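**Student:** The chain contents come next:
Protein chains: 2
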Amino acid sequence: MSERDEIRSELRESLQRVTELLQKHELVESLVHRQEGPRHDLVESIVHKANLAELQRLLEPLHPADIADILESLPVKQRLMVWDLVKAERDGEILLEVTDAVRETLIAHMDEQELVAAAEQLDTDEIADLAPDLPREVIQDVFRSLSPEEREQLREALSYPEDTVGALMDFDMISIRDDVTIEVILRYLRRLDELPDHTDQLFVVDRTGVFKGLLAVNRLLVTDPDTTVADVMQPAAARLRPQQKAQEAANAFERYDLVSAPVVDDAGELIGRVTVNTVVDYIREETDNDMLSAGGLSEDEDLFASVWKSVRNRWTWLAVNLVTAFIASRVIGLFEDSIARLVALAALMPIVAGISGNSGNQTITLIVRALALGQITATSARKLFAKEIGVSAVNGLIWGGVVGIFAYLIYRNWQLGIVMTGAMALSLLLAAVMGVAIPLVMQRLGRDPAIGASVMITAITDSGGFFIFLGLATVFLV
Amino acid sequence: MSERDEIRSELRESLQRVTELLQKHELVESLVHRQEGPRHDLVESIVHKANLAELQRLLEPLHPADIADILESLPVKQRLMVWDLVKAERDGEILLEVTDAVRETLIAHMDEQELVAAAEQLDTDEIADLAPDLPREVIQDVFRSLSPEEREQLREALSYPEDTVGALMDFDMISIRDDVTIEVILRYLRRLDELPDHTDQLFVVDRTGVFKGLLAVNRLLVTDPDTTVADVMQPAAARLRPQQKAQEAANAFERYDLVSAPVVDDAGELIGRVTVNTVVDYIREETDNDMLSAGGLSEDEDLFASVWKSVRNRWTWLAVNLVTAFIASRVIGLFEDSIARLVALAALMPIVAGISGNSGNQTITLIVRALALGQITATSARKLFAKEIGVSAVNGLIWGGVVGIFAYLIYRNWQLGIVMTGAMALSLLLAAVMGVAIPLVMQRLGRDPAIGASVMITAITDSGGFFIFLGLATVFLV
Numbered sequence: 001m002s003e004r005d006e007i008r009s010e011l012r013e014s015l016q017r018v019t020e021l022l023q024k025h026e027l028v029e030s031l032v033h034r035q036e037g038p039r040h041d042l043v044e045s046i047v048h049k050a051n052l053a054e055l056q057r058l059l060e061p062l063h064p065a066d067i068a069d070i071l072e073s074l075p076v077k078q079r080l081m082v083w084d085l086v087k088a089e090r091d092g093e094i095l096l097e098v099t100d101a102v103r104e105t106l107i108a109h110m111d112e113q114e115l116v117a118a119a120e121q122l123d124t125d126e127i128a129d130l131a132p133d134l135p136r137e138v139i140q141d142v143f144r145s146l147s148p149e150e151r152e153q154l155r156e157a158l159s160y161p162e163d164t165v166g167a168l169m170d171f172d173m174i175s176i177r178d179d180v181t182i183e184v185i186l187r188y189l190r191r192l193d194e195l196p197d198h199t200d201q202l203f204v205v206d207r208t209g210v211f212k213g214l215l216a217v218n219r220l221l222v223t224d225p226d227t228t229v230a231d232v233m234q235p236a237a238a239r240l241r242p243q244q245k246a247q248e249a250a251n252a253f254e255r256y257d258l259v260s261a262p263v264v265d266d267a268g269e270l271i272g273r274v275t276v277n278t279v280v281d282y283i284r285e286e287t288d289n290d291m292l293s294a295g296g297l298s299e300d301e302d303l304f305a306s307v308w309k310s311v312r313n314r315w316t317w318l319a320v321n322l323v324t325a326f327i328a329s330r331v332i333g334l335f336e337d338s339i340a341r342l343v344a345l346a347a348l349m350p351i352v353a354g355i356s357g358n359s360g361n362q363t364i365t366l367i368v369r370a371l372a373l374g375q376i377t378a379t380s381a382r383k384l385f386a387k388e389i390g391v392s393a394v395n396g397l398i399w400g401g402v403v404g405i406f407a408y409l410i411y412r413n414w415q416l417g418i419v420m421t422g423a424m425a426l427s428l429l430l431a432a433v434m435g436v437a438i439p440l441v442m443q444r445l446g447r448d449p450a451i452g453a454s455v456m457i458t459a460i461t462d463s464g465g466f467f468i469f470l471g472l473a474t475v476f477l478v
Numbered sequence: 001m002s003e004r005d006e007i008r009s010e011l012r013e014s015l016q017r018v019t020e021l022l023q024k025h026e027l028v029e030s031l032v033h034r035q036e037g038p039r040h041d042l043v044e045s046i047v048h049k050a051n052l053a054e055l056q057r058l059l060e061p062l063h064p065a066d067i068a069d070i071l072e073s074l075p076v077k078q079r080l081m082v083w084d085l086v087k088a089e090r091d092g093e094i095l096l097e098v099t100d101a102v103r104e105t106l107i108a109h110m111d112e113q114e115l116v117a118a119a120e121q122l123d124t125d126e127i128a129d130l131a132p133d134l135p136r137e138v139i140q141d142v143f144r145s146l147s148p149e150e151r152e153q154l155r156e157a158l159s160y161p162e163d164t165v166g167a168l169m170d171f172d173m174i175s176i177r178d179d180v181t182i183e184v185i186l187r188y189l190r191r192l193d194e195l196p197d198h199t200d201q202l203f204v205v206d207r208t209g210v211f212k213g214l215l216a217v218n219r220l221l222v223t224d225p226d227t228t229v230a231d232v233m234q235p236a237a238a239r240l241r242p243q244q245k246a247q248e249a250a251n252a253f254e255r256y257d258l259v260s261a262p263v264v265d266d267a268g269e270l271i272g273r274v275t276v277n278t279v280v281d282y283i284r285e286e287t288d289n290d291m292l293s294a295g296g297l298s299e300d301e302d303l304f305a306s307v308w309k310s311v312r313n314r315w316t317w318l319a320v321n322l323v324t325a326f327i328a329s330r331v332i333g334l335f336e337d338s339i340a341r342l343v344a345l346a347a348l349m350p351i352v353a354g355i356s357g358n359s360g361n362q363t364i365t366l367i368v369r370a371l372a373l374g375q376i377t378a379t380s381a382r383k384l385f386a387k388e389i390g391v392s393a394v395n396g397l398i399w400g401g402v403v404g405i406f407a408y409l410i411y412r413n414w415q416l417g418i419v420m421t422g423a424m425a426l427s428l429l430l431a432a433v434m435g436v437a438i439p440l441v442m443q444r445l446g447r448d449p450a451i452g453a454s455v456m457i458t459a460i461t462d463s464g465g466f467f468i469f470l471g472l473a474t475v476f477l478v
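Heads up: the protein sequence lines correspond to chains F and B, in order.
So for the first sequence, the numbering used here puts the first residue at 1; every next one is plus one.
So for the second sequence, the numbering used here puts the first residue at 1; every next one is plus one.
Worth double-checking, as some hints may not be accurate.
No copy is singled out in the list; a pair is fine if it fits within one copy or between any two copies.
Listed next, the in silico DSSO-like pairs over lysine-lysine satisfying Cα-Cα at most 30 Å (straight line) [stated by the list, open to error]:
#1 Lys245 with Lys87
#2 Lys309 with Lys383
#3 Lys383 with Lys87
#4 Lys309 with Lys49
#5 Lys245 with Lys49
#6 Lys245 with Lys77
#7 Lys49 with Lys383
#8 Lys383 with Lys77
Simulated from the structure, these hints should not be mistaken for laboratory data.
Quantities reported herein were computed from a predicted structural model and do not represent experimental measurements.
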């Protein structure tokens, strides 16, 4: 993320230009509407057309991904104006590129016929990606327009849930038999107008369609044409299954530097392939989702969504937060007598809770990451507990000492300083133990530790920090 | 991230097996050491060898990336034991795959000769990646062993800072002239044993080395051999410059679905290429770094780093947090009289600060993301302020009402409930305004809004929330 703010300067210029044109357009509209008289309509339509034509010229040469970006950056009204100017043949591709939230606004603006036309421009695996957002009648219409083979592919693609290899898969692979010569293959390829995108290798299958191996396209160029395929084909570094998690495919691509990989079913038959561009998109989307869910947003939010929609998107997290805040508040409530007697406690208690929450979150971050990478075994878990407890002990001494001195300097009460130091050390210990334990337990229970672990540790360090500090103070000071 | 916990089951099995063997090894060692007598050495060496040989057999067929993963997952002592068993020819590749923190531990364990041997197995661009971690003498030795052309490449690769295209670049491209026929190209390629990895296209240059266009390898297969290169070559979708931010290259690969892209200097000369596998690694690493820095860890931490090293890695964030906590504590200190008179304030104040902090972080997450994607213009910034203020008003009514009722139910004091509701609404408004303003101002000042914005909003909502709530209470209740 760290440099994204400098990126896409060219694109920002296009965006700037589009916005200017749209503003000019709106300005003219408002001027024209103030004039009355017979020339009104004529003036309006001429100025409009000139502006819109310029806008269209600007959009024409842009890549669908770039247009998608511009659409996402515009408030809804202007977005739909631009959307109407985009050549209909590109609708499908652009719909694939925009975020789910923005796609919704675009689709709501299109009629059934336009949607069917947009979907029909796409490959079956792409139609499957759009399908959840399309009205049922549109899907039925599209389905009817497909060949039997394509229908089978669409059914296949729709049958796998999001986040599986099946959902990333496409059917654009070239499969060949292993008993022919390279020359035959070369002749066969030459008959095609062009090879599918990302064809870095051909997929070798036997007579029954069972996957046998891979033949790199580059090998075709350097191999004696009389060789048979069987002699030069290679085993697959990764052989994916459609029901596998998409994340596993992403890992395989990352580790083994793949451009494409075969997808086989349980019988070993080749049913599709995954390509690196899909994987890159998947990784980016996952990253985005992680960022959003870390912020407590349940899904991607259209930047220009209505207030009401945004409120709903965010309310779950706030509600959870409210409950944990109420609990922490009741913990403090238990010690109201102590606070009434020594009001300094009220000012000092957020320090203990805040710093141990911070430290606990650092531990969680490391453990969640290590779990995600599969790096934690039963033996190493014990070592991690020991290490984090060690870190919290050192931090407890250092930071506990600092806050103790702070408390003494402000309130000139050395007992208060000592209680503060002790509370800090104990809270950091609690944070360390829970920071390791929470993700491990969540993992053991089959939950994703990346989601919710941070809320839990904060809830525990808040209530725990208040309890430890006020409890110690009640015992030793009040 | 969300499914990574299910991944790499095969790899986990290898890891489990390695750990078991290492434990057996340690067990035998401790048993043997307890025995005394002449047979001691013999027994030890036989059992050792059997164990280590089995371990080596296990490691042999693994991909360097998989071995890197096992090394990262082992405590330092066992890690070095496994590292010694890895065939020396693979050292270089494995060093490239491990994280920086783990690489440090491995390099510290190798002597100069081993390091030179490891580096010499690598391409110049890969040597450049390792260089920051290698002792100066090793680099000089390696440099001497290179050909003049390779030295030039290494110098070039070392001259670009991390996070630039120059650092991602390699020199493994095949460049061709545009005035020859496809047949000549095919004959030329056939003389090579194999093409470099990720050669999806050949780079067309003129006589002086100036980049002219691209010829897709797949086109070679379907084009009439008598055609000249100039007739079938295509312009580059993205032409990178070595000093560009790496993030821009990653975006180009994502948007235009690239497998490789040319890197040209200011004179237009082709100097290298970037391939998709490097880009995937870069994206993954960036994601990791974002996650770590969001948790306040200044760099990647070896899971089994020493306590002291970990403390240093984490201390900056805790120190910053301490300062903001002290400030919040002093804000509360201003109102100690009010709290002494109405102690319920102490129990209720963290609710206001906590929920507005949460809400502010949600806003920040959205704005930082939109800024990163370049989606915010001057006009849309105004709309975003309006939207977030609207959201905070709705949330203020809803959540403010809930906490007001909560306060009333606990303390049976309706004025306290009303103050609570008002404070909640005002704090949420503050959070919304600052949540939009902080990232925009940071961006304007040329800072990365992804780093630090979250700490700032939390500091503001903490101190601000306490001030608003205690202030209102002092004015209306006490």
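**Student:** Identify every previously stated hint that the structure contradicts and give their numbers, smallest first.
**Tutor:** Failing hints, ascending: 1, 4, 5, 6.
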